[in-house]
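J.: Listed below are the residues making up each chain.
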Amino acid sequence: MSAASRTRAGEWLYAWMLLLPAAALLALFTHYPAIANLWHSFFSTPRGARKALFVGADNYRQLVDDPIFWQALTNNLWYALGTIPVSIALALAMALWVNDRLPGRGFLRLAYFTPTILPMIAVANIWLFFYTPEYGLLEQVLGKLGFASHNWLGSKSTALPAVMVVAIWKEAGFFMIFYLAALQSMSPYLAEAAAIEGASRWYFFRRVTFPLLIPTTLFVLVNAVINAFRLVDHIVVMTRGGPDNATSLLLYHIYETGFRFWDSAYAAALTMVLLVLLALTALAQFVFLERRTHYR
Amino acid sequence: MVQRIASGPWRPTADDATTLMTPATHVYEPLGFGRALETAAAWLLGFLWVLPLLYAFWTAFHPAEFSTRLDLSAPLTLDNFVKAWHAAPFARYFANTVMLVTMVLAAQLVLVTLAAYALARFDFPGRNVAFALILAQLMVMPDVLIVENYRTMTALGIKDTILAIGLPYMASAFGIFLLRQTFKTVPRELDDAARVEGCTPLQTLWKVYVPLARPTYLAYALVSVSYHWNNFLWPLIITNSVETRPVTVGLQVFSATDQGIDWSIITAATLLSTGPLLVAFLLFQRQFVQSFMRAGIR
Chain A
1 MSAASRTRAG EWLYAWMLLL PAAALLALFT HYPAIANLWH SFFSTPRGAR KALFVGADNY
61 RQLVDDPIFW QALTNNLWYA LGTIPVSIAL ALAMALWVND RLPGRGFLRL AYFTPTILPM
121 IAVANIWLFF YTPEYGLLEQ VLGKLGFASH NWLGSKSTAL PAVMVVAIWK EAGFFMIFYL
181 AALQSMSPYL AEAAAIEGAS RWYFFRRVTF PLLIPTTLFV LVNAVINAFR LVDHIVVMTR
241 GGPDNATSLL LYHIYETGFR FWDSAYAAAL TMVLLVLLAL TALAQFVFLE RRTHYR
Chain B
1 MVQRIASGPW RPTADDATTL MTPATHVYEP LGFGRALETA AAWLLGFLWV LPLLYAFWTA
61 FHPAEFSTRL DLSAPLTLDN FVKAWHAAPF ARYFANTVML VTMVLAAQLV LVTLAAYALA
121 RFDFPGRNVA FALILAQLMV MPDVLIVENY RTMTALGIKD TILAIGLPYM ASAFGIFLLR
181 QTFKTVPREL DDAARVEGCT PLQTLWKVYV PLARPTYLAY ALVSVSYHWN NFLWPLIITN
241 SVETRPVTVG LQVFSATDQG IDWSIITAAT LLSTGPLLVA FLLFQRQFVQ SFMRAGIR
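Chains A and B, in that order, are what the protein sequence lines are. According to the working numbering, the first sequence is numbered sequentially starting from 1. According to the working numbering, the second sequence is numbered sequentially starting from 1.
Fair warning: there could be bad hints in the mix.
Claimed, not checked - Some but not every residue of chain A turned toward chain B, in silico, with C-beta under 10 Å: (1) Y60; (2) R61; (3) Q62; (4) L63; (5) D100; (6) M186; (7) A194; (8) F288.
Claimed, not checked - Derived DEER-like restraints, expressed as beta-carbon distance ranges: (9) B:L54 x A:P211: 24 to 32 Å; (10) B:A132 x A:P211: 26 to 34 Å; (11) A:R260 x B:A91: 39 to 47 Å; (12) B:L76 x A:R260: 39 to 47 Å; (13) B:S241 x A:E134: 31 to 39 Å; (14) B:L202 x A:L38: 52 to 60 Å; (15) B:G32 x A:I196: 31 to 39 Å; (16) B:D71 x A:R230: 38 to 46 Å.
Treat the hints as calculated values from the structure; they're not laboratory data. C-beta: ideal position from N, C-alpha, C; glycine also.
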């Protein structure tokens, strides 16, 4: 040990110095903004020469009375409900198929994982083209099958599901990787022992494989929930929150309020709602994940 | 985020060597008709999954008249790519993105290594609290704090610079977490041996820990590069000019303007902007997949 770290206190100081750059940046761009956000949500938006005034809970009252906020929140919850179980189920199926050494598994793994590598912006543009009424590919295929033309992204009832499909398409491959990692670290002795005992394939999956995948599922679930709130790039490209706020998600509404209407105080209040939701997810993860699993 | 596997990876033991039995791997693989059915289902899903991308390729490589007609005798052309390249300053956008990704990765590697080393090998008061606070970033990412971070950047006076795009991400909690796990698996004996040789802690870090963590570094680098190449919302907000825009924002600005919705050019531009990452992925598939697996398996 060098002279500086030979004493206990010296060692402590040394460690804090190592930690300092990362900790400083983290504090500046994660912890400070979270707290500052709370602070600014109690003030009004400064405009030009007019400074911010303390307005107490006014922004939150505005939030409660704002129909677009409630629409965005319910949209986001439906969006989460629609994308998370489906993408996890698909990811599990994909992982099982790739792990089962079906013919062409190399191509399958590539096909399933490629959407994850592409930027959401590119994905959104391609799907926008896909969904184009009259001559998009989806329309052409459905037209040949005899269905009438439909404006998928332009009608309030199908816009959100259409956007959900895009998210599922992008996310399932990503989750597949985690399941694949878990499946490949399963001891092969388990299957052999089960076969000796005479367990059927479905029984083995239900009573051995799936329980062993529960930690992975919880991990993937938390990731999926965070992504459901974090990823709004496709909304910006495909629908811009429309038609009539049918596809507005919470973070998109924050983006609109903060950077199109430049109402930063109200955007701060909206962000607090999002932070609370994320904190609840963190709490749920801590409670459920920590209890059911153990460190390797 | 911690993912724990309830059963560890299978490692052969002395028993395996002595018994003549080897485990029948994949005992439960489907056979016969079941296998055919599952293969068909898997292939159908795979085909559906690549369909949008294939369609984009089709549209980009054929002239505009054939963009929606699947006429197999249509002539191939690179015209759309040429037009797209000249319609927006993609060269500059690519340069910006490469600069951004390199800068962020370099900063991340340094900061994350130092912090992980401190958390893994030093015992100091407040270590657990610090670690918990760091993990908070896994939930509360800079992506959701756009309003406040924009305000901070304005206050710092670096709005509309590439540095401003990367700065909130340079202290990566995910990287610290990964690397700390890896450093903790380095045997203490190596640490002691280095100390006996007269190394300072930093030298020990450089000579012992960093080389042993190389797979983790590679995994993290691939994850980080993909993430920041594809990042859109924060760069959209913080950049304003061609000199700072990364390629994702450039693509969006390009396709949102009055293009007369010429899909051939837009898909060509889309493929251009994803091209490098896609090619790298196709060439280094195995490393990419293993990186994401390794990053998640902690």
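J.: For each hint, tell me whether it holds in the structure or not.
T.: Do the hints match the structure? See the list:
1. The criterion of a C-beta within 10 Å of any C-beta in chain B is not met by Y60 (chain A), whose closest approach is roughly 16 Å, and the hint is violated.
2. With a cut of 10 Å, the hint placing R61 (chain A) at the interface with chain B is violated, because the nearest CB-to-CB distance is about 19 Å.
3. Of the supplied interface hints, the one on Q62 (chain A) is violated, with its beta-carbon coming no nearer than about 16 Å to a beta-carbon of chain B, more than 10 Å.
4. Taking 10 Å as the C-beta contact cut-off toward chain B, the hint placing L63 (chain A) at the interface is violated, the least distance being around 14 Å.
5. Restraint check, D100 (chain A) versus chain B: the minimum CB separation of about 5 Å is within 10 Å; hint holds.
6. Restraint check, M186 (chain A) versus chain B: the minimum CB separation of about 6 Å is within 10 Å; hint holds.
7. The restraint placing A194 (chain A) at the interface with chain B holds, with a minimum CB-CB distance near 8 Å, inside the 10 Å limit.
8. Interface restraint check for F288 (chain A): the shortest CB-CB distance to chain B comes to about 13 Å, outside 10 Å, so the restraint is violated.
9. As the Cβ distance of L54 (chain B) to P211 (chain A) is approximately 38 Å, the hint placing it in 24 to 32 Å is violated.
10. Checking the proposed 26 to 34 Å range against A132 (chain B) and P211 (chain A) shows it holds: the Cβ atoms sit about 29 Å from each other.
11. With their beta carbons about 30 Å apart, R260 (chain A) and A91 (chain B) fall outside the hinted range of 39 to 47 Å.
12. Between L76 (chain B) and R260 (chain A) the Cβ separation comes to about 41 Å, which falls inside the hinted range of 39 to 47 Å.
13. At roughly 37 Å, the beta-carbon separation of S241 (chain B) and E134 (chain A) lies within the given 31 to 39 Å, and the hint holds.
14. Checked against the hint of 52 to 60 Å, the C-beta distance between L202 (chain B) and L38 (chain A) comes to roughly 38 Å, which is inconsistent with it.
15. Range check, G32 (chain B) to I196 (chain A): Cβ separation about 22 Å, and the 31 to 39 Å hint is violated.
16. Between D71 (chain B) and R230 (chain A) the beta carbon distance is about 41 Å. The supplied range of 38 to 46 Å therefore holds.
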